[in-house]
Every structure is written in structure tokens, then in C-alpha cells.
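Q: Hints are included, so try docking the two chains, each in its own frame, into the full complex.
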Amino acid sequence: MGLVQREIEAVGFTTITLSGIPDFTASVSVPRVAGLLYPPGRPMGQPGDCAGQQAVLRATLQAVLEMEKPGEIRYLPFAWPEPARKTVTHPDVLPPIATYLRRHPWLYPKLLARDVPE
Amino acid sequence: MTQPTNPYPFLDYLTRQMVKSWIALEKPRPIPWTPLSRPLQECTVALISTGAVALKTDVPFDQEGERQNPWWGDPSYRILPATATTEDVTVYHLHINTQFAAQDLNCLMPIQRLNELAESGEIGWAAPRHYSIMGYILRPRTLLETTAPAIIRHLHEDAVDVVVLIPA
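The listed protein sequences derive, respectively, from chains A and B.
Under numbering that gives the first Met the number 0, think of the first position of the first sequence as 0, with each following residue one higher.
Under numbering that gives the first Met the number 0, think of the first position of the second sequence as 0, with each following residue one higher.
It is worth saying that the hints were derived from the structure and are not from the lab.
Watch out, some of these pointers could steer you wrong.
As the list claims (entries may be wrong) - Not the full set, but computed from the structure, chain A residues with beta-carbon under 7 Å of chain B: (1) 14; (2) 26; (3) 30; (4) 111; (5) 116.
Note that CB positions come from ideal geometry on N, CA and C, so glycine has one too.
So here's chain B without its partners, still in its complex pose (with noise of 0.2 Å):
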């Protein structure tokens, strides 16, 4: 498929001139490149997923802290295990509507399609921890500086070969 007519359906008027906006801030730089090394049947595969989704006994993502300062984002992380269902998590994303996610977390982090990929052999083994973030981080220094590599380490210790990320 081509790109699409209208490239921002479901954005509102202010969010769309945003992501306009910030596009054009943007230079090119070099694109990191892992070339897949292995057949999908052979890859251990894990999520990301922007939701800010956390098990219900884990520690919730700092909702107060954004609305105390509305130009800040928690941007710590959570680990999901591979056998997180819908009823064990919550949805902490100010940004979204997290009805749907409340109804079934695969509309927003798919851990049990990924799952069902394992059993019929169409990837090699869903990893054992998935992971979330939030998406609304405006400056992205902790981000990058703590919690990516934290994130990095757990996917080395999975030996995980592709990671899939998912905004919310």
C-alpha cells in the first residue's frame, strides 16, 4: 500500500498541526540497522507497547505527576509477564481512551496473539517479559539515558531476536 490521502484520520486539529510541527524539526540522521538473522520459526519475539500498562501489583505510572506538571511524562517502565491477561493489568495513559484496552489488552499490547504466533509455530517463542512505557514524554533524557538501557538488558538476558514496538 501507498501512503495514505489523509494521513492523520483520527488526530485532532491541534494534535495534527503538533505532529506537523514537530516532523519539520527533524533532520536526518543515520539509521540504525539490525538485519534479521534468522527465520521468524527460529526468533524469540518481545513487546513494547506506549500504553502505560502495568501489572495491578506493580506500581502505577505517575498519572499525578503529569497533572501536577502537564508538561511532564513518567518515563519509567514496566515489566509484563507473557502470561499478563486483561484482568491482570491497568491502563495508566492520560492521552488515550483506555476503555477498549479494559475490555482487551490485545487491542493495545497483543501478548496473547503473540503467544498464539509461539504455539502455531509461526515465530519461534514469544519472549518471557514484555515491556511498557508511556507515551507522552516530552523530554526524553531519562528515557533514553535509564530506562532504555534497562529495557536492553532485560532483551539480552531473553535472548530476544526481534522486539516489536507498539504506540499506543
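In isolation and in its complexed conformation, chain A is listed as follows (with noise of 0.2 Å):
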């Protein structure tokens, strides 16, 4: 997301991100992250939670309004109303790439070298 943020920004528009892994994001040098540990399918909030996602996308814009500094990230004033080991962060199905690894786990550094078979 990181490095589409960054071509968009790079032709004329203001841009943020909203990471719950943003030191990930910020890794690739975009101009702005609103960091938020909010867990993966729910990066807004609980489903049916207006407010509470209507928060976030309101500190979302006025992180951009306020941040002056190409490259910083603006931590939300929220937390996650669950503790992370009670929540739900994984689909009922292993992503494909988790399945497979589980058979190759010698492929694994490939991965974290970001070493991409053709």
C-alpha cells in the first residue's frame, strides 16, 4: 500500500495511510501514516460501530491536516476494545501462502528475503 501511496502523492495528491503495522508502511518512505493497532479486516473498528469508526476517519483527516514532517507517523488516540488474544485476526482458511509454507518451510527465508519465485 505503501508504495501506491507513494505514486499517488508523488503526482499532486495529499495522502495517508491508515496502518495497523505502521512502522511497515512507513518503511518505504511515504509521506504520511496514522498508525492505529486496530487488527487485520477491521482496520475502522467493529462492524456497527459508527462512532467509533467515524473517529477514526476524523483523526484520520486531521492527522493530515496537522502533520507538517514528510515521513512521520501520527499514532491514533484509540485502542482496540479487546485484549489481542481474544480477538479474531485470521480467516477460517490459511491464506495459501501459509499452507504452503507449512510444506516447504525451506521456502521460508525466501519470503523474508522477499526473494519471489517467478
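A: Have a look at this one:
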């Protein structure tokens, strides 16, 4: 996502990524990151929590107004409402790459090195 | 707020290792910067989600291609109109639990929340179109050479000022 953000900002749009893994997003040198440690699948909040989702969106846009230094991460002042160990974070069926690497664990270093087979 | 003590509370061990490893692979490069040119109340705002969200009437994201080759992810994009609701879409991402967005798209892609900010005057306008890509692209060439330019053309056509990108 960070790479796409760079392309869009570079041609004249003001951009921000709302990221649950902010240092990962920021690592590709993006202009603005709003950091919010919410789980995958629910980056805006719980389903049905209109007020919570609205607060996150509003704070993200407010960060756009306030951030003046390229590459900054602005952590938003919200906390996920349940303990991480009780939070559903994964799909019911493992992603294909996870299943594949369980069967081919010797290829895991390739993923770590981003050495992706053709 | 400052950097939290545990930056990856929701990632499993292997994903955490991958994230740390990929961060270490990156070198700083020049950061593009477009300052906001007008107050938010005069801006048009568009959303981009990596949730692989598509209208039910549109072509699905290619899940089968990824199942056949787990190192590959569908690099295409879909347009979501500002009127799109939870009932109108399917979420095709194979790496997230899609049950939550199936209940309420706005927990993944806040199209209705953005419309509300436009109605209340906090932003100028919600863009007429938003976009989704698939957030698992290990080789980003097509994404950057074909998909990003296409989305950028749409953003220009819609006179968008601010783009909020929301990884799934």
C-alpha cells in the first residue's frame, strides 16, 4: 500500500495511510502514516460501531491537516476494545502462502528475503 | 501518542518475522510530498482499500490464481461507487477474516462514514468513486505500472484532493 501511496502523492494528491502496522508502511518512505493498532480485517473498528469508525476517519483526516514533516507516523489516540488474544485476526482458512510454507518450510527464508520465485 | 511497546499485537509469529525482515530490507528514499492546498471543508476525499473489495456485479478478484501460485496476488483494482453498501460488495482477500466486513463494510472501507462527513460539512465532498486493490502483492510491478496509473487517472477525473489509503 505504501508504494501505491508514494505514486499518488508524487503526482499531486495529498495522501495518508491508516495503518495497523505503521512502521511497516512507513518503511517504504511514504509521506504520511496514521498509526492505529487495530486488527486485520477491521482497520476502522468494530462492525456496526458507526461512532468509533467515524472517530477514526475524522482523526485520520485531522492528521492530514496537522502533519508537516514527510515520513512521519502519527499514532491515533484509540485502543482496540478487547485483548489481542481474544481478537479474531485470521481467516477461517489459512492463506495459500501459509499452507504452502507449512509444506515447504525451507522456502520460508525466501519470503523473509522477499526473494519471490517467478 | 508515541510508538506503542508492542507494535504488532495482532500478527502471528511468522508474519511478525516477515514484517521485521522486510523493514530491514528497505533503505530510506526521497519522500514525495503534496501539502494540503485548501481547508478540508473544500476538499474532495477518496478512499483506497487493500481489502480486495468488489461490487457483486463486477469481476471477482482472482482468488484461484493465488491458490494455484501462492507467491502471486491479483494486481488489478475495482471501482466502488460512493453509494456502495455492505450488501452490494464481496470481499475477496484471502489473508483477512472477511466476516466482519460482510457484516459492515465500513469497518474495512468507510464509504458511508465518509459520506456522513461530507453531509455534515467536515469535508467538502466524498469522491464519487473509491477503489480497492488486493493487499498481497509480493511482486508489485503490475500494481505500480498499470493499476496505480489507472487509479490516478480516475482521481484526476474526479478532482480529488485527499486520498485516504486503508490497508486491510
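Q: Indicate, hint by hint, whether the structure satisfies it.
A: Hints, verified against the model:
1. 14: holds, 5 Å
2. 26: At 4 Å from the nearest chain B Cβ, residue 26 of chain A passes the 7 Å test, so the hint holds.
3. 30: holds, 5 Å
4. 111: It holds, given that the least Cβ distance between residue 111 of chain A and chain B is near 4 Å, below 7 Å.
5. 116: Where the cut-off is 7 Å and the nearest Cβ of chain B is about 6 Å from residue 116 of chain A, the hint holds.
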